[in-house]
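**Student:** Next come the chains, spelled out residue by residue.
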Amino acid sequence: MKKHGYGIGSMWYGIGSTAATNPSGAFVDFLDDGTAIVLSGCAEIGQGSTTVLAQIAAETLGVDLEDVAVITADTGVTPDAGPSSASRQTYISGNAVRLAAEKAREQVVAKAAELLDLDPVDIRLRHGQVWYEAEPTGRTIKDIIAQCRGEGILTLGHGSFNPVTTNLDPATGQGTPYATYAFATQIAEVDVDTETGIVEVKKIVAAHDVGTAVNPQNVEGQIEGGCSMGIGYALLEEVAVKDGKIQNPGLSSYLIPTALDMPEIFPVIVEATEPSGPYGAKGVGEPALVPTAAAIANAVADALGIRLYDLPLTPERVVAEIKALDSLKPE
Amino acid sequence: MDLFQLEMKVNGEAVSVPVNPGLRLLDVLRDVLHLSGTKEGCGEGECGACSVIIDGELVDSCLVLAPQAHNREIITIEGISADGELDTLQSAFLEAGAVQCGYCTPGMILAAKVLLSKNPKPGRQDIARGIAGNLCRCTGYAKIIKAVELAAAGLQQKEGEAGV
Chain A
1 MKKHGYGIGS MWYGIGSTAA TNPSGAFVDF LDDGTAIVLS GCAEIGQGST TVLAQIAAET
61 LGVDLEDVAV ITADTGVTPD AGPSSASRQT YISGNAVRLA AEKAREQVVA KAAELLDLDP
121 VDIRLRHGQV WYEAEPTGRT IKDIIAQCRG EGILTLGHGS FNPVTTNLDP ATGQGTPYAT
181 YAFATQIAEV DVDTETGIVE VKKIVAAHDV GTAVNPQNVE GQIEGGCSMG IGYALLEEVA
241 VKDGKIQNPG LSSYLIPTAL DMPEIFPVIV EATEPSGPYG AKGVGEPALV PTAAAIANAV
301 ADALGIRLYD LPLTPERVVA EIKALDSLKP E
Chain B
1 MDLFQLEMKV NGEAVSVPVN PGLRLLDVLR DVLHLSGTKE GCGEGECGAC SVIIDGELVD
61 SCLVLAPQAH NREIITIEGI SADGELDTLQ SAFLEAGAVQ CGYCTPGMIL AAKVLLSKNP
121 KPGRQDIARG IAGNLCRCTG YAKIIKAVEL AAAGLQQKEG EAGV
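Protein sequences, first through last, are from chains A and B.
Numbering follows the working numbering, with no gaps: position 248 of the first sequence is 248.
Numbering follows the working numbering, with no gaps: position 23 of the second sequence is 23.
Hint data in this document are derived by calculation from the structure and do not stem from the laboratory.
Treat the hints with care, as some may be off.
[What the hints assert, rightly or not] Straight-line distance between alpha carbons at most 27 angstroms, and here's what the computed DSS-like set of lysine-lysine pairs gives:
{"hint": "1", "chain 1": "A", "residue 1": "203", "chain 2": "B", "residue 2": "121"}
{"hint": "2", "chain 1": "A", "residue 1": "202", "chain 2": "B", "residue 2": "9"}
{"hint": "3", "chain 1": "A", "residue 1": "323", "chain 2": "A", "residue 2": "202"}
{"hint": "4", "chain 1": "A", "residue 1": "2", "chain 2": "A", "residue 2": "329"}
{"hint": "5", "chain 1": "B", "residue 1": "146", "chain 2": "A", "residue 2": "203"}
{"hint": "6", "chain 1": "B", "residue 1": "121", "chain 2": "A", "residue 2": "202"}
Small disclaimer: the values here were computed from a predicted structure and weren't measured.
Produce the complete structure using the sequences and hints provided.
**Tutor:** This is the structure:
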């Protein structure tokens with residue numbers, strides 16, 4: 001018989017290293033042709049950080065995304081950005097890039113204000129053009145940078161950001177381990193086959209507060225990827241260790257979800273602006289995975305009326321629990 | 001050891017190279033022909049990162065000994081675009097945001113290519129089955145499936161325009 005259930009899992013997750021300094025630095029060079037180079041030590045591992053850093057720089061400098069080149073993770077030329085871990089790069093390196101870009105921008109704005117005889121606070125840079133409030137001035141960023149070069153001024157900026165945290169009090173455990181937190185709730189719908197013990201995840205709705213979603217498509221990708229890892233954690237993945245040796249070191253014995261194991265996922269992006277984040281952004285990498293297994297386990301408990309306490313919820317475990325419950329029932 | 005004179009067609013071009021017969025097709029492609037788009041993942045036929053198309057079928061090139069590719073026609077990821085124009089599938093992967101770390105991508109695109117060659121109008125479940133032998137750890141497959149749907153629709157439209 002197939003039994004149907006729904007479960008919910010919620011989480012909060014600290015962005016950045018726990019109760020530790022974890023700064024990031026960036027350099028921005030606003031070039032003669034009105035394009036920019038961003039240097040950041042941030043390692044792109046597929047999460048989209050290079051794209052996000054380029055977007056933040058483009059937004060700050062008032063140029064198109066295509067006009068920003070980002071050089072990353074090269075210790076020969078890039079400043080330290082800390083690790084791509086702790087769901088921290090958008091928040092921390094994003095801030096460093098924004099600060100560096102603001103410094104490069106300030107010099108262009110100051111020169112434009114001088115040339116146009118305007119107040120710098122009224123100057124905007126958009127799509128490579130210099131604007132006076134809501135009106136284009138007809139001057140391009142490239143013109144202004146050329147003027148700067150003529151006067152021997154380079155339009156460079158550097159920035160660094162370290163989230164505000166404290167050490168934790170060793171006696172009480174109290175303190176501020178993170179400068180900001182991500183929040184999420186996921187709901188899973190499952191079918192459980194009571195004869196085979198197979199749990200099939202039918203649907204996951206995953207709502208994540210990521211602050212501003214700098215790149216919504218990337219945020220969805222991170223959420224969907226996190227859900228697949230969470231399904232693996234809930235149903236498939238277990239490192240078997242015997243005498244200090246891993247017994248299932250290959251993908252033939254340690255199973256991860258395939259496309260056939262994936263339900264439809266409905267990512268819901270909740271944009272609650274984080275005041276300390278770059279344009280209000282926080283992080284999403286690890287949070288995407290955190291609530292999934294809890295939601296699935298709760299859905300299985302809802303379906304069966306039995307709560308399983310060991311992950312993964314393999315068919316063997318599920319059948320054993322059903323049998324154990326049946327054996328307690330009076331004949 | 002005697003070398004084996006391996007003759008095959010790779011991405012439409014005839015290739016004849018002397019190779020150690022113990023090499024895998026994957027090694028010949030990457031290390032002899034320098035076609036490094038084909039990735040090695042698990043090396044045991046489980047992950048599909050090394051997928052190539054041999055005579056129209058999707059095959060894990062880590063499980064093929066070089067002499068088994070003799071006189072066969074091989075398509076790798078380098079062979080599906082021509083004259084600097086992206087293949088419909090490649091464009092669809094970009095548009096859908098189906099690439100994250102990218103390691104599974106060449107194999108995924110070739111898996112999708114074979115699927116669409118056999119079933120031009122696949123449903124979601126057909127697509128999932130078509131790429132089930134290609135593991136992806138980071139996208140959750142959602143945008144990959146979306147990309148294959150986009151490509152299928154794009155190919156249908158192209159055929160319609162060509163009056164086929």
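**Student:** Could you run down the list of hints and mark each one as holding or not?
**Tutor:** Right, here's what the structure says about each hint:
With a C-alpha separation of about 24 angstroms, the suggested pairing of residue 203 of chain A with residue 121 of chain B holds against the 27 angstroms cut-off. Our distance criterion of 27 angstroms between C-alpha atoms is broken by residue 202 of chain A and residue 9 of chain B, whose separation comes to about 44 angstroms. Distance hint between residue 323 of chain A and residue 202 of chain A is fulfilled; the C-alpha atoms sit about 24 angstroms from each other, no more than 27 angstroms. Between the alpha carbons of residue 2 of chain A and residue 329 of chain A the distance comes to roughly 20 angstroms, so the proposed pair stays at or under 27 angstroms and holds.
Under the criterion of a C-alpha separation no larger than 27 angstroms, the hint pairing residue 146 of chain B with residue 203 of chain A is consistent with the structure, at around 16 angstroms. With a C-alpha separation of about 23 angstroms, the suggested pair residue 121 of chain B and residue 202 of chain A falls inside the 27 angstroms cut-off, and the hint holds.
The structure is inconsistent with hint 2 alone, although it conforms to all the rest.
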